[in-house]
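Asks: Chains as they are written, first to last, in UniProt numbering: chain G, 1 to 112; chain X, 1 to 112; chain E, 1 to 112; chain B, 1 to 461; chain S, 1 to 461; chain Z, 1 to 461.
Among the hints, erroneous ones may be present.
Stated by the list, open to error - Restricting the straight-line Cα-Cα distance to at most 20 Å, the calculated cross-link-like pairs of lysine to aspartate or glutamate (EDC-like) are:
id, chain 1, residue 1, chain 2, residue 2
1, E, K12, E, E32
2, B, K246, G, D14
3, E, K40, X, D14
4, S, K240, S, E445
5, G, K34, E, E62
6, B, K240, X, E50
7, B, K433, B, D365
8, B, K246, B, E447
9, E, K40, Z, E442
Rather than coming from a laboratory, the hints here were simulated on the basis of the structure.
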Amino acid sequence: MKLILAIIKPFKLDEVREALTGLGIAGMTVTEVKGFGRQKGQTEIYRGAEYATNMVPKVKIELVCDDALAPRVVETLQQSAGTGSIGDGKIFVLDVGQAVRIRTGETGEAAL
Amino acid sequence: MKLILAIIKPFKLDEVREALTGLGIAGMTVTEVKGFGRQKGQTEIYRGAEYATNMVPKVKIELVCDDALAPRVVETLQQSAGTGSIGDGKIFVLDVGQAVRIRTGETGEAAL
Amino acid sequence: MKLILAIIKPFKLDEVREALTGLGIAGMTVTEVKGFGRQKGQTEIYRGAEYATNMVPKVKIELVCDDALAPRVVETLQQSAGTGSIGDGKIFVLDVGQAVRIRTGETGEAAL
Amino acid sequence: MTKGENMTFAKKIAASAGAAGLALFAALPAWAQEAAAPAAEAAAPVANPGNNAWMMTSSLLVLLMILPGLALFYGGLTRTKNMLSTMTQVGAAACLAMLIWVMYGYGLAFGPEGNAFISWGKFFLAGVTQDSTAATFTDEVISEYVFICFQMTFAAITLALVLGSVVERMKFSAVMIFGIVWLTIVYFPIAHMVWAGGGFLFEGGMFGTSLPAALDFAGGTVVHINAGVSALVAALILGKRMGYQKEIMAPHSLTLTMVGTGMLWVGWFGFNAGSALEANGSAGLAMINTFVATASAGLFWMLAERLNGHKGSALGFCSGIIAGLVAVTPAAGNSGPFGAIVLGAVASVICFYAVTVLKTRLGYDDALDAFGIHGIGGMVGAIGTGIVYAPGLGGPGDGSVGIGAQVATQIVAVLVAIVWAAVGTMIATYIAKAVTGLRVSEEVEREGLDLGEHGERAYNY
Amino acid sequence: MTKGENMTFAKKIAASAGAAGLALFAALPAWAQEAAAPAAEAAAPVANPGNNAWMMTSSLLVLLMILPGLALFYGGLTRTKNMLSTMTQVGAAACLAMLIWVMYGYGLAFGPEGNAFISWGKFFLAGVTQDSTAATFTDEVISEYVFICFQMTFAAITLALVLGSVVERMKFSAVMIFGIVWLTIVYFPIAHMVWAGGGFLFEGGMFGTSLPAALDFAGGTVVHINAGVSALVAALILGKRMGYQKEIMAPHSLTLTMVGTGMLWVGWFGFNAGSALEANGSAGLAMINTFVATASAGLFWMLAERLNGHKGSALGFCSGIIAGLVAVTPAAGNSGPFGAIVLGAVASVICFYAVTVLKTRLGYDDALDAFGIHGIGGMVGAIGTGIVYAPGLGGPGDGSVGIGAQVATQIVAVLVAIVWAAVGTMIATYIAKAVTGLRVSEEVEREGLDLGEHGERAYNY
Amino acid sequence: MTKGENMTFAKKIAASAGAAGLALFAALPAWAQEAAAPAAEAAAPVANPGNNAWMMTSSLLVLLMILPGLALFYGGLTRTKNMLSTMTQVGAAACLAMLIWVMYGYGLAFGPEGNAFISWGKFFLAGVTQDSTAATFTDEVISEYVFICFQMTFAAITLALVLGSVVERMKFSAVMIFGIVWLTIVYFPIAHMVWAGGGFLFEGGMFGTSLPAALDFAGGTVVHINAGVSALVAALILGKRMGYQKEIMAPHSLTLTMVGTGMLWVGWFGFNAGSALEANGSAGLAMINTFVATASAGLFWMLAERLNGHKGSALGFCSGIIAGLVAVTPAAGNSGPFGAIVLGAVASVICFYAVTVLKTRLGYDDALDAFGIHGIGGMVGAIGTGIVYAPGLGGPGDGSVGIGAQVATQIVAVLVAIVWAAVGTMIATYIAKAVTGLRVSEEVEREGLDLGEHGERAYNY
Ligand SMILES: Nc1ncnc2c1ncn2[C@@H]1O[C@H](COP(=O)(O)OP(=O)(O)O)[C@@H](O)[C@H]1O
Ligand SMILES: Nc1ncnc2c1ncn2[C@@H]1O[C@H](COP(=O)(O)OP(=O)(O)O)[C@@H](O)[C@H]1O
Ligand SMILES: Nc1ncnc2c1ncn2[C@@H]1O[C@H](COP(=O)(O)OP(=O)(O)O)[C@@H](O)[C@H]1O
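Pulled out of the complex, with its shape left as it was, chain G reads as follows (with noise of 0.2 Å):
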């Protein structure tokens, strides 16, 4: 099994679930971030205090699918939550070496 982490932009974290879901994707989690990279944050100006706040929020999915659907699951990711622009983020691609759900036991890819 892959754990997929993608940092996107968060107003496309909608567009990207609908479209993971399409591919029968049942269960993914998201995290609130701030992401520091090429794309600048705005400046802030607070009483000529100038904050050039280089984070930008954006939102983390975690999401742990089999072997088989990984490259899908990516390629989906990369379509749906691009813009064209700078700091559309990341897509990273982890083992994983087990997985069980809390509330059957069930473990494996019957766990997802």
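Given chain G, put chains X, E, B, S and Z with the ligands in place with the hints provided.
Replies: Only chains X, E, B, S and Z with the ligands this time, still in chain G's reference frame:
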């Protein structure tokens, strides 16, 4: 070493933490996340606009332990986090190559 | 490629980011988390009800880099995040199978 | 107010009355905030400190409605990224209205000379001193500066109310331009028509009919119908928010909306009981009506939700409170407490349907329901006032005008306000569009107006 | 208030006095809000606008206490998931009380006919017009509608205060049923007994003793002891919150609690200085006492924390402020400023122990300490008023009643209120339980009442 | 106030006048809050309820400025971890000031005996009863307790304002010690010098010159310059916050800052219009000026931002509002509305530069810009009042004093206040340092004063 990544119901956190402490686990890291899965969220209505949230608040636990302990951690997690109802969450296990304790520079299992 | 996962004290974030930028790291992702470990939290009291929080606010950095750079990243992290006092945090290193830049579709190290 | 006077006659006189004729005003049960200015030139009467104190307090209550009140009520309903933009637009629009008011607004609405649609004179408050006074509805007076302040806050909040439909996408600069034009061609004329001696609706007999003068104690027409209709027109021209009815646009802090609701309720007594212009029994009647109509409306909205298969909601409670306040505004001193309770309940249920069913069907994006609550609630209140005024229904009317005739008058007044507001808003909005472009860029709209227009975030936890 | 009159005698007369006897009221130093209604039928005196203005302002101040004030104070102390529920319960209970008040509450408490425990008449405000007046304690009058509004806000806030002990688990529907019954069998009778001419505690000589009339300037007994005891009884019947004393139940926003505290303080002057029923020197005395007793109590709570080995806390400061306000309520016009400072300090320290030590020992779950602060603080204030009233201690008393006798009377009044409130609340709570089930399901309690009962979230950042 | 009296003469008389000479006060256009106390001993006049009502309302408005108002304005600007600390310091300092005021502050500032710099007598309010009255500027009186309350709130807010520069690092205990000393050696003497009959600045002719008495309607000198300068000095002694100009110190909730701004605006009318001591035309003038100067200043700050290449910001709007309020304080009853508009605009732009450019250059850490806005804005207002007072510029002056002489007087008053405040603050701060250490430990500063000093978190979402 293994990274154990568990997504559980927020109100179970205290119980889980106590159970893991019982196993001798001395540390873990907790994040508030939103889960998308079989469990459906509450429907909210604001002046007629209905939002059927399919994102449910969850808590993610990240915990690194040595390989020997991992199965018991998974088992303890599954037992203490379970309620038997849908949405109890998942446990994923990944391999960790290296661990460092920042304060001392200790590495490997000594860092945990 | 490696995923470097570091849990540090929040007020150290700026220093760490600057140190990593010095190494040529162009991106990372930051999450606010709560840490459970040896360091104890402050005790809060509200009208006589005492809460000894054992959850301490921490910041988690996730950073993917090529294998060659990884040791120096870990070292730099350890130095810049350390204060020498308890609760400085941990660094974990995991293997990453694949990386994709969403904007361009570049993969592997070119995606970082 | 004593009973048994011929209202229409009393009004005709009142329109040209100087201080000498003021005793007659005692009989005037309607259009509470009228024609006070003309009398100010007469020999120096002195304001009773009690009335002056109450009218100063009332002015502050209306300010409380605007800056923490409405800003919070509206702001809580927007998304986090537009919080500061919403609050700043409300605040800055109010400031703008205040400055314009003392420059020429007071002159256009309550100036010493004029016709049925507009007045002039006293520009830049020429001739007003701390000894000037303005007449009330009895033979009392209040300080003219206090009267000017009180009326100033009405102009300020009405402009701010309009913005409820256009937040989260209208440029700040567009709000400013729109505000200047809208106040000038919509607000001041309507305020004059309704509240000033000689005003078109103030006089009765509109369009050559023999209709009585309309009833509007504290501004149901001038403030709420006006603001609601203008809000709808502006929203239609501006277009929907990106993602409307697709994305989740849940209120970012109903807590703050509830705080704003509470402040609006407290402040509204300045509006309603203040419109008696004295701390007398008429103010007391307006006060009790404003309490109970609102209480009734708050609970009835929740009831309507339950009857429609939903949970009674906090936002429903708040919406009901506002709907009740809007509906009781024209009726405040023109109803008995139980007429007010019924009026509040009816307005609340009708607004509930307007906001949850009608808006969804018609598909316009009145972001914070300025039309659905102020417009619709204002109409229900204005027309309902014609009914609850009747003595047979517990109202303070003297029965000399039949319910039918009074309701007909109220409907005419509503229609005049609708047409004037709609046309004027169209002009004001297109001028703002020509000057500023009206709407923020897509990118700013997506990222939020707080960062895009003001360079700040509302929260940095 | 002049000195040297026989208080008990004055009161006996006052109970049956019409407007003719009103001059006697000038001598009445106690039970500030009494028997104003009976005089309203006499020939038409006119309210001084200054007094009317002050009483309208005071009524609004009490409203400010309820909707943004108490809702924020209580809401900030609950957990995020129950914020809207808490605020909506406070707001809706207040609305309910207002409607019931004008229907039959005013009649049951201040009706023209009655006995020592209840009155009747004036139901649905029959016969009240904008010209009706209510007597004050001098030969002045205020508009009866204003008096009704002022008293209405007292009923509303008292019911809302009770809810502090039962939030986070009591059903909204149960709150409504409870409210109707509780007002009817607890609040109106106690208000009548304490404040109306002929009332059991208003008259002195209770239970055949020769005790003087009790002192209660602004409602220590009717509002605070009553609410506090009722809160305790309701909480005991309802049971503890799930996870009580196991899970962390830290206040979700002490910021909002502090905002609420500030608003309660500001609004409380309507309560206390308003209870003089005029803008006179007695109101001024009540005002300064309400300032300094509160300031003292706020600082003394923090001091008590320090002396007990803790840090002085923000919530401690807020709790002290409220405890001081509660304690000074009966004493507002019945104490000198330095008596008030001492009273505030003592009440603050006693409430500190009640809330931090006593509650923990006894183990009941009075979620927001309505009993610990309003109940205990109210008792300290009521009994303390019997002491600080003495002229030798700087109080405004005339010394005709000894401290011992006065304290004895105060204790009797406290006991009567405790017993009546406890029994009545038991009945009201069990009726609510029979009709609605009283308590939300475990699942709703866990997920929060905001989602479970109202279908909303307080925050969507 | 009528025109044509010889101001300087009137003042000389007034300083020693008992109630018999009070009619003369009618002509006094300056130093509005003066010498009311000395007259209180005369035969018993009775307060007009309207004036009493207004002054009670005004006192509450100033309280509203402090506890929810200033606490929110300041608190919103701090970082999350110091929110409760900021609010608690503001609240507790106000409480402390209230207690000290009734113990000896009133005596030191307005006592029956004294010299040019301090007075004495009436300690512990000896001799004051609910029948005592204080003179106003006409032959009216208000209840002395009310006058004491009103002045008490001024002392309380001034101390709280000073804290704006030292939050996020000063110990709570140090704030308390500082407060006691500072009130005693800085506030009471300056209040006496400026407002009490016989006071150094109240009398004119300072330092043997023939300068007229200074103009300060509602406390530009006593409150704002005083607080601003003291804040600067205290901040310099205390040192910068850790990480100042390195770390991000963005306001944690501009939403709350805007709420605070609105409350400050509403409350400020108690300050400004209340300083007329009556609900008369002078209060009306002060009211309209406080509306329009503020509106103008709010918009002009945003304009200044635009002209400097930035976005108009929400915090800029709020800062402008406060700057305008500060500047109009001395001018409130001493200017025409258009003088006030110009004054607001000028003060706003100057404060903008002080806060954004000057502060950064000089590098001191006035955390919340108490000096930049209250200090600088106060000076602009004080000096500008000397200009806008002139009848030729629409002011209410009688023209008997030339603009030049008046401005010279204003400058002298400003300088005296600056020097006195600076020296006194130095002493008070070093005493606080000796007793408490002044500043929290590095660890507490890093973790936040909420946890470190109070053991709580502001938010537990
Ligand atoms: N090496 C990295 N490791 C982890 N996260 C990264 C890394 N580089 C970028 N990111 C994340 O991806 C986001 C987008 O990256 P950025 O460089 O701004 O644009 P792009 O993806 O278009 O090249 C960043 O905000 C950050 O959250
Ligand atoms: N494939 C997945 N990858 C990552 N997280 C998942 C995945 N499936 C489910 N989750 C997480 O687990 C939570 C529970 O899953 P759900 O399907 O609702 O119930 P259950 O675990 O009982 O089958 C989800 O809310 C989500 O956070
Ligand atoms: N086994 C672990 N797995 C995951 N995170 C851990 C683990 N142990 C500690 N942590 C994280 O590291 C932080 C610091 O650990 P702690 O034991 O307090 O101090 P130190 O790192 O100095 O030994 C914790 O707050 C927690 O977030």
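Asks: Determine for every hint whether it applies to the structure shown.
Replies: Evaluated hints:
no. : hint            : in the structure
1   : E:K12 x E:E32   : 13 Å, holds
2   : B:K246 x G:D14  : 10 Å, holds
3   : E:K40 x X:D14   : 16 Å, holds
4   : S:K240 x S:E445 : 11 Å, holds
5   : G:K34 x E:E62   : 10 Å, holds
6   : B:K240 x X:E50  : 18 Å, holds
7   : B:K433 x B:D365 : 18 Å, holds
8   : B:K246 x B:E447 : 17 Å, holds
9   : E:K40 x Z:E442  : 18 Å, holds
The structure fails none of the hints (numbered hints given earlier).
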